[in-house]
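Residue strings, one per chain:
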Amino acid sequence: MALSKKDIQQIAHLARIEVSDDEIADYVDKLSQIIGLVDQLQQVNTTDVVPMAHPSDMYQRLRDDEVSEVNQRELFQRNASAVTDGLYRVPKVLD
Amino acid sequence: MSWETVIGLEIHAQLATRSKIFSGASTAYGAEPNTQACAVDLGYPGVLPVLNAEAVRLAVRFGLAIGASISERSVFARKNYFYPDLPKGYQISQYELPIVVGGSIRIGLDDGGEKHVAVTRAHLEEDAGKSVHENFDGESGIDLNRAGTPLLEIVSEPELSSAVEAVAYMRTVHQLVRYLGICDGNMQEGSFRCDANVSIRQVGDEQLGTRTELKNLNSFRFIERAINYEIERQIDVIEDGGEVVQETRLYDSDRHETRPMRSKEDANDYRYFPDPDLLPVVLDSNYIETQRAALPELPEARQQRFVQSFGLSRKDAAVLTGSRETADYYEGLVEYLKGEHKLAANWVNGELAAALNRDSTGISEARVTPKLLAGLLQRIVDGTISGKIAKEVFEAIWQGEGEADDIIESRGLRQISDSGELETIIDQVLANNPSQVEQYRGGAHKVLGFLVGQVMKATGGKANPGQVNELLRTKL
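Residue numbers (our numbering), protein chains in the order written: chain A, 15 to 109; chain B, 2 to 477.
Just chain A, same shape as in the assembly (with noise of 0.2 Å):
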């Protein structure tokens, strides 16, 4: 399966990245590659083979239910480009 310039410029749009009409040719060609790969793969009969969720053949280590943490606003918050009264600031988000 090919892809098309409109599907690179949905994927980047969705990965907020910004990719110029010269590089989408270049994107159009490499991701369809890999989509080839995957076609590939599809050809395998995999009846009988567990979908693998994880490379390790482990399972989940589990927590106990304990408050561990404390309060680090101020050291996280000098990270932050603008702080007002504890809150992290960003442009507006409208839903």
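One should not assume that every hint holds.
As the list claims (entries may be wrong) - Some chain B residues flagged as far from chain A (calculated, every beta-carbon gap over 12 Å):
| hint | residue |
| --- | --- |
| 1 | 107 |
| 2 | 132 |
| 3 | 188 |
| 4 | 211 |
| 5 | 234 |
| 6 | 247 |
| 7 | 302 |
| 8 | 329 |
| 9 | 336 |
| 10 | 359 |
| 11 | 401 |
| 12 | 454 |
Said to hold, decoys possible - Interface residues of chain B toward chain A, partial, derived using beta-carbon atoms under 10 Å:
| hint | residue |
| --- | --- |
| 13 | 18 |
| 14 | 37 |
| 15 | 43 |
| 16 | 54 |
| 17 | 57 |
| 18 | 82 |
| 19 | 83 |
| 20 | 84 |
| 21 | 97 |
| 22 | 275 |
The set of hints was computed from the structure by calculation and includes no laboratory data.
Since this is a predicted model, take the numbers as computed values, not measurements.
Ideal Cβ placement from N, Cα and C applies to all residues, glycine included.
Based on these hints, arrange chain B on the given structure of chain A.
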């Protein structure tokens, strides 16, 4: 044309853990902004999520209570989208292999019937943060305290056919999660909220119509109103020759309308994939059986038992089992009052419920404990006081004046049982009301009620109305 409605609900229940689902930050409500958001919640580079065992246990508990199958292996996935209250750029959720699969919820219908609503799945996920738009002069403020709070998303099949049914379903789930102690159910604080998928189709159509999703409905009243508004809107759109657009809509309770929220092209393109930071969650059958054995008696079973062993009406039993605390209170009360189940039910659902409501108190904190209430009701049963006087005594106990017996004694409320004393009063009343006596004797037996009332008044309510009735009849 005649339309039918198809509704499916996605309920988000905040799981009652102390710490977050993937970090050790506190989940306590109401803290100063961003004081409970640690490096994991903020999505700092290099951090790793570690799953909270209690969140898993609570999810399993829910699954077992609705007869679902518990996945021995479930997987966390990343749901990708950009929003400022989601610092990582993805929400950790479960997609292909959720922890709870299937099950069903039985709801009672208005006509007295019932309906089993199938649950598709329930999965674990993290909550996002909160955006504040007021007073930010074109910007938004972000509080990430809620980011990473454990949620159980309970997804129903599209089997609900009206707003009323949707509310009944939601109420039933609300009651269940509180019974199970897995969620505090506080809707004001956002601990229990839902999204509704609503579509309409012509009666008889097999295929579902295009649905819209109503977001973040956090009160039973709003759910009903929002769904009804949306049904009307969709019917109008179609009958005007238009098409319903698949989109997310927000209910505005002030204007009583729904309006589009997110643009549709982004809405369902979440590019889920298994989260490489988390390994599959494996639960063995031992663990699952241990959790099954620890389940409390569920509301439905308890209601049934109240009807069968206590001889209560379905309605009384339903109110008493409305919350686990109320049912526990009632059972505590009847322990002291063998055989007086109906009287006990009337008082818990009547006087006690009214007082709790008036003072906005929870039944577990009620000043009139089961033991104190039992002491009072005992005095009605043995004829020491009438039901009317008992209300006065109840109020006094409520105000902290002590036990029923002390209050009855100190206020001199003991019912007059000495028939000699009562007869004197009755003679007086008869002497004072010669015309009513005349009427009664002339065949107008209705005036007896008036005369009983006069005697009760003269005794300050302390006479036994049955006894007064009897004595009056004899004398007349």
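> Hint by hint, which ones does this structure get wrong, listed from lowest number up?
Replying inline: 2
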